[in-house]
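Trainee: Sequence:
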Amino acid sequence: MDTGITPINTFRNANRPNQLAISSTSMSSINYSQVDFKRFESKFDGTLTALKTYFLSKEGRIHDKLTSIFDHGIR
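Using the UniProt record's numbering, the final residue of the sequence shown is 75, and nothing's skipped along the way.
None of these hints come from the bench; they were simulated from the model. Careful, some of the hints might be misleading.
[To be verified] Derived DSBU-like pairs (lysine-lysine); straight-line CA-CA distance at most 30 Å:
(1) Lys38 with Lys65
(2) Lys43 with Lys58
(3) Lys65 with Lys52
(4) Lys65 with Lys43
(5) Lys38 with Lys52
[To be verified] Label-pair distances were calculated between CB atoms; the ranges are:
(6) Asp71 with Phe37: 15 to 23 Å
(7) Leu66 with Asn31: 31 to 39 Å
(8) Leu66 with Lys43: 40 to 48 Å
(9) Ser68 with Gln34: 23 to 31 Å
(10) Tyr32 with Arg61: 35 to 43 Å
(11) Ser28 with Gly60: 42 to 50 Å
(12) Ile62 with Glu41: 19 to 27 Å
(13) Lys65 with Ser29: 15 to 23 Å
We treat Cβ as the ideally placed atom computed from N, Cα and C, and that holds for glycine.
Could you build the full structure based on these sequences and the hints that come with them?
Mentor: So this is what it looks like as structure tokens:
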């Protein structure tokens with residue numbers, strides 16, 4: 001029975017448990033970032049709506065220089 005030496009490249013591409021943990025941690029981090037971004041975007045849109053309402057109530061219109069700010073909500 002010959003045991004011989006196994007070349008190191010044989011196991012180079014093998015998945016290891018710690019790599020899987022890093023991968024799933026990265027994915028949950030990405031998902032959290034996406035949720036966090038959506039929450040931020042929602043708050044930003046709410047702030048723009050409040051600002052737009054304020055300008056309309058105080059000025060009666062939105063100045064031309066400010067219209068590009070409020071175009072954010074249009075997709």
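Trainee: Each hint: holds or not?
Mentor: The hints, checked one at a time:
no. : hint                         : result
1   : Lys38 with Lys65             : holds (27 Å)
2   : Lys43 with Lys58             : holds (22 Å)
3   : Lys65 with Lys52             : holds (13 Å)
4   : Lys65 with Lys43             : holds (23 Å)
5   : Lys38 with Lys52             : holds (21 Å)
6   : Asp71 with Phe37: 15 to 23 Å : holds (20 Å)
7   : Leu66 with Asn31: 31 to 39 Å : holds (35 Å)
8   : Leu66 with Lys43: 40 to 48 Å : violated (20 Å)
9   : Ser68 with Gln34: 23 to 31 Å : holds (27 Å)
10  : Tyr32 with Arg61: 35 to 43 Å : holds (41 Å)
11  : Ser28 with Gly60: 42 to 50 Å : holds (49 Å)
12  : Ile62 with Glu41: 19 to 27 Å : holds (21 Å)
13  : Lys65 with Ser29: 15 to 23 Å : violated (40 Å)
Hint check: violations occur at hints 8 and 13; the rest are consistent with the structure.
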